[in-house]
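Colleague: Chain B is fixed; fit chain Z onto it per the hints.
Residue numbers (my numbering), protein chains in the order written: chain B, 92 to 250; chain Z, 1073 to 1231.
Keep in mind that a hint or two might mislead.
[To be verified] Partial list, derived from the structure: chain Z residues whose beta carbon lies under 10 Å from chain B:
1) Q1111
2) W1115
3) I1120
4) E1125
5) F1134
6) K1136
7) A1137
8) G1139
9) N1145
10) A1174
11) A1178
12) T1181
13) C1182
14) F1222
15) N1224
16) G1227
[As the list claims (entries may be wrong)] Subject to a maximum C-alpha distance of 27 Å in a straight line, what follows is the list of computed BS3-like cross-link-like pairs (lysine-lysine):
17) Z/K1136 to B/K215
18) B/K119 to Z/K1099
19) Z/K1099 to Z/K1228
20) Z/K1228 to Z/K1164
21) Z/K1228 to B/K118
Since the hints were derived computationally from the structure, they do not count as laboratory data.
Even for Gly, the Cβ is constructed at its ideal location relative to N, Cα and C.
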Amino acid sequence: MNISIEGLILTVGYLSSIMAFVVLLRKKPLEAQVVFLFHQMPTWVMGLVVVEAGWLAYPVREFQRATHASFLFEYLSFPVIAGYFVAYYPNNRGIVAKLMYFTAITLAIAVPEWFIERYTQLIKYVTWSWPWTFISVWIFFYVSLLFYRWFIRIYNPAT
Amino acid sequence: MTIERMILILSWALIVLLLWLFVPPNKRREAAFMFLAGQALCWLASHIIVELEWLNSPIREFPKATGTNFTFNYALFPVYYALYGLYYPRRKHLWLKMAYIAMLPALITCIFYWIDKHTLLFRLVQSAWYAGYGLLFLSSYAIKFYNDWFFNRLGKQAA
Chain B
92 MNISIEGLIL TVGYLSSIMA FVVLLRKKPL EAQVVFLFHQ MPTWVMGLVV VEAGWLAYPV
152 REFQRATHAS FLFEYLSFPV IAGYFVAYYP NNRGIVAKLM YFTAITLAIA VPEWFIERYT
212 QLIKYVTWSW PWTFISVWIF FYVSLLFYRW FIRIYNPAT
Chain Z
1073 MTIERMILIL SWALIVLLLW LFVPPNKRRE AAFMFLAGQA LCWLASHIIV ELEWLNSPIR
1133 EFPKATGTNF TFNYALFPVY YALYGLYYPR RKHLWLKMAY IAMLPALITC IFYWIDKHTL
1193 LFRLVQSAWY AGYGLLFLSS YAIKFYNDWF FNRLGKQAA
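Here chain B stands alone, though its shape is the one from the complex (with noise of 0.2 Å):
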């Protein structure tokens, strides 16, 4: 069997997304279910319109013909993540506390990113570099947490 560094990096990621996501599950069942659902929404539109304008790419992927997008990310992966920064974002904390942490999510998906743009086939930057990544990372962060923001409010007024 040829294992190439794409389905390693696929299943690692399938496997980790769906743990990690079992994990918050456990813990903040809130803000992972509400979190996780709403993220698809912007991340859906988000992965269609950068593949259709072509300025992103994603030569190997997991389905060939449904989506010419990443499945993985859009789908688990970015939510379950955003389910995370919602869940442990530092409502209690300073504008400085709270700048660090954006930054520090957000990087945490823009590098890696990168480094799997760079040396592999499961991303390819065509008219797209990683500040764009960045940006449209922490909107999509900022607009969860205002969704969740809302939607918990009429249950839990101390958030």
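Modeller: Structure of chain Z alone, referenced to chain B:
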């Protein structure tokens, strides 16, 4: 203006209208939850079905990025799931519940059968219509069940 374009535009108008008219303010979160859960389900299901070539959408909104129809999976079916759950006859006779559970998916299946026969938006393999109905039947109830379970737990937690 082709019939496909007309149907897609009408779908979006219908989605906004249905959500605006038929979601009472106090049920917004439940509707949102079922909408999002429906989206997650439709996303996965449509990709698997298209990849297996049981369904194809010759005319679609993102021709290069995906083989699936975007409008139906992102918005139309989720709205159906949300309204199904909101208007489920919870405190009525069993026969009314059974009629609801059987008839609503049947209605949607008929609508999509028409779309299959008269447009190029949606083409299902002939043998798959009963499976499609079955899937809709089960998933509609599952999402309604999930919603009730979630908000039941949420209510208990907040109390």
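Colleague: Each hint should be assessed against the structure and marked as holding or not.
Modeller: Here is what the structure says about each hint:
{"no.": "1", "hint": "Q1111", "result": "holds (6 Å)"}
{"no.": "2", "hint": "W1115", "result": "holds (6 Å)"}
{"no.": "3", "hint": "I1120", "result": "holds (7 Å)"}
{"no.": "4", "hint": "E1125", "result": "holds (7 Å)"}
{"no.": "5", "hint": "F1134", "result": "holds (5 Å)"}
{"no.": "6", "hint": "K1136", "result": "holds (5 Å)"}
{"no.": "7", "hint": "A1137", "result": "holds (4 Å)"}
{"no.": "8", "hint": "G1139", "result": "holds (5 Å)"}
{"no.": "9", "hint": "N1145", "result": "holds (9 Å)"}
{"no.": "10", "hint": "A1174", "result": "violated (27 Å)"}
{"no.": "11", "hint": "A1178", "result": "violated (27 Å)"}
{"no.": "12", "hint": "T1181", "result": "violated (21 Å)"}
{"no.": "13", "hint": "C1182", "result": "violated (25 Å)"}
{"no.": "14", "hint": "F1222", "result": "holds (7 Å)"}
{"no.": "15", "hint": "N1224", "result": "violated (12 Å)"}
{"no.": "16", "hint": "G1227", "result": "holds (8 Å)"}
{"no.": "17", "hint": "Z/K1136 to B/K215", "result": "holds (16 Å)"}
{"no.": "18", "hint": "B/K119 to Z/K1099", "result": "holds (23 Å)"}
{"no.": "19", "hint": "Z/K1099 to Z/K1228", "result": "holds (17 Å)"}
{"no.": "20", "hint": "Z/K1228 to Z/K1164", "result": "holds (24 Å)"}
{"no.": "21", "hint": "Z/K1228 to B/K118", "result": "holds (17 Å)"}
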